[in-house]
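Chemist: Residues per chain are reported as follows:
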Amino acid sequence: MMNSQRLVAILAATAGAALIQGCGGMPQTAEEFRQAVPGAMLTKTDTYEVNRPLRDVAAAFQRKAPECLNMAVRTVSQTTTSYQNILTEYKATVVPGGERAELHLQQLHKGGVIYPSKPPEGGAYIIVADAYPMPGNRTRMQLYGPSIGYDVVYRAIRGWASGDNLGCPDMTKIGK
Amino acid sequence: MPSPVRHLGMAVLVATAVGCSGLKPYPNELPTKNITIRTATNAGSMFASVRVELDVHGVDASCRTQYLGTVPLDQPSGAVGIAPERGSVLTFHFLSSNFLGSSRGRISREVFIAPRPDQRFEIDVTYRDDLYDVVLRERLRNGTLRDVALQDAKACR
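These protein sequences, in sequence, are chains Z and U. Residue numbering for the first sequence follows this note's numbering, beginning at 1 and increasing consecutively. Residue numbering for the second sequence follows this note's numbering, beginning at 1 and increasing consecutively.
Selected chain U positions facing chain Z (in silico; Cβ < 7 angstroms): (1) Gly105; (2) Asp130; (3) Leu131.
In case anyone wonders, no lab produced these hints; they're calculated from the structure. Since we're looking at a predicted model, the values are computed, not measured. Just so you know, even glycine gets a beta-carbon here, dropped at the ideal spot from N, CA and C.
All chains should be built: construct the whole structure from the sequences, respecting the hints.
Modeler: Here's what the structure looks like:
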């Protein structure tokens, strides 16, 4: 019997893989992901500003994203009638630049999940965070990703961008 | 950029079966406690809990690790002595569980450190609102603290 919490977890875990792909196939690049999110189910975009220059935000992304997001998460769930053991690999990519700094998070399930189409190398895009320079040494953040299940990652990215919290997200909390 | 797979050892998360049975207490018998550890946790909910454990591994000249024992970081502050002049890998495990243990998680952060005999370090370990952090600083002779970048076991090579 699947409880509601488990259902939410599964929905969240597959949001990047299945829901965002819509009818046009799974986004194969970060740019395709940006285009796909606004019209996809269970996704959102978010915008906010931080009081730091773009170069500091980009530096924080370059330091924290590989350290905190490049990892594998094994989820084991068992009930009286089912057993699931899913290894999920996360891969972060940071693309620094003077016009925009980008942070991409990809997610690849290594079993237990059937992809409706071939995911890109490194896994399905799950979150893209773009940082744009603003006047007054400020930076505008633009995020694309799932609307449920990934709050802990969004909060971590916000902390890195603002410099207020350089902690890593507990990736076991994804989907909870 | 290192592939995610290469980070498996750094942070493998297991959502169930993270009981602490079978863990060997770290003897912590060295006379000099060269690492002070401050721990602060907040699971963010009265229906959740989080605790932190530290595994201490010795590292030999070939960069092979040997598990020496575990220190429960269940006090706000504590001191640990690790062997100077050789490497050690400190693995901090953040173990979270929700109401009645229906969901459990474990996430880990690995730190490679090779202190000189005269060096003293301070480590701040935090877990708040599902964000965790390990910050390593060296206490200099003049009393000031210097941030030290975290390295994992690959730094041994």
